[in-house]
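Trainee: Sequence:
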Amino acid sequence: MTTQPQEPLQDAAAPEPHLTPDDLKALLGERLHAEVVQHFVAAGGAEPAYVERQVTECLRYLYLVSRHREQLSGLFLPVEQDIDEIWHYLILQTREYREWCEQRLPGRFFIEHRSIGYDDYQQEPGREQVLEEALRWIPLYVREFGPFDEGALPHWTIVRFLHDQLSMSLRDIAALQPAGAP
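Residues in the sequence shown are numbered from 1 upward in steps of one, following our numbering.
Derived from the structure by calculation, the hints contain no laboratory data.
Any given hint could be a false lead.
[What the hints assert, rightly or not] As a list, the in silico SDA-like pairs of lysine to any residue whose alpha-carbon atoms are at most 25 Å apart:
#1 Lys25 - Ala46
#2 Lys25 - His88
#3 Lys25 - Gln81
#4 Lys25 - Val130
#5 Lys25 - Gly44
#6 Lys25 - Ser73
#7 Lys25 - Pro154
#8 Lys25 - Leu92
#9 Lys25 - Arg53
#10 Lys25 - Val37
[Claimed, not checked] Computed beta-carbon distance windows for the label pairs:
#11 Glu85 - Leu19: 14 to 24 Å
#12 Leu92 - Pro178: 17 to 27 Å
#13 Arg104 - His39: 19 to 29 Å
#14 Leu131 - Glu35: 18 to 28 Å
#15 Gln71 - Thr20: 20 to 30 Å
#16 Ala49 - Asp164: 29 to 39 Å
These figures come from a predicted structure and were not determined experimentally.
C-beta: ideal position from N, C-alpha, C; glycine also.
Model the full structure from these sequences, guided by the hints.
Mentor: So, in structure tokens, the structure goes:
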């Protein structure tokens with residue numbers, strides 16, 4: 001499967017509403033969300049608004065893994081290391097993380113973490129498969145949360161690559177669909 005830009009489909013039915021950052025914050029719980037943000041502001045010295053966005057993108061990543069388990073399970077993380085560190089922090093809040101995964105996320109299963117370096121990962125599948133897997137996230141993200149915006153670019157590796165290195169607009173990135181999709 002490869003991806004290619006396509007014009008967004010015009011559907012007569014009203015589009016499903018996208019999950020907002022506030023929806024994700026409520027899903028995690030206000031208390032735990034505030035704790036995570038405070039921890040990473042204190043640990044890294046970043047501005048609270050930037051850390052809030054990091055947490056949002058981490059929650060989006062985990063939501064996608066939960067909702068689209070069959071399509072995304074076992075793929076290399078498409079997010080930056082800072083987002084992975086937030087995931088690690090959530091995992092260490094064992095009781096809350098388990099409850100969140102199994103009772104609040106759509107897939108209702110514990111999302112396990114397995115560390116593997118990119119070089120090791122790249123040796124397993126071929127280059128085309130690595131690219132296909134990296135691009136697989138984009139239409140799912142757009143469907144659940146709406147198109148990527150400038151604030152998401154620092155956090156999603158493939159999206160930033162497409163935008164910065166291949167000069168694709170965010171609109172073109174949002175229009176990427178699996179080859180053969182209607």
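Trainee: Please go over all the hints and tell whether each is borne out by the structure.
Mentor: Outcome of the hint check:
no., hint, result
1, Lys25 - Ala46, "holds (19 Å)"
2, Lys25 - His88, "holds (17 Å)"
3, Lys25 - Gln81, "holds (21 Å)"
4, Lys25 - Val130, "violated (31 Å)"
5, Lys25 - Gly44, "holds (21 Å)"
6, Lys25 - Ser73, "holds (23 Å)"
7, Lys25 - Pro154, "holds (20 Å)"
8, Lys25 - Leu92, "holds (18 Å)"
9, Lys25 - Arg53, "holds (11 Å)"
10, Lys25 - Val37, "holds (11 Å)"
11, Glu85 - Leu19: 14 to 24 Å, "holds (23 Å)"
12, Leu92 - Pro178: 17 to 27 Å, "violated (36 Å)"
13, Arg104 - His39: 19 to 29 Å, "holds (20 Å)"
14, Leu131 - Glu35: 18 to 28 Å, "violated (37 Å)"
15, Gln71 - Thr20: 20 to 30 Å, "holds (23 Å)"
16, Ala49 - Asp164: 29 to 39 Å, "violated (22 Å)"
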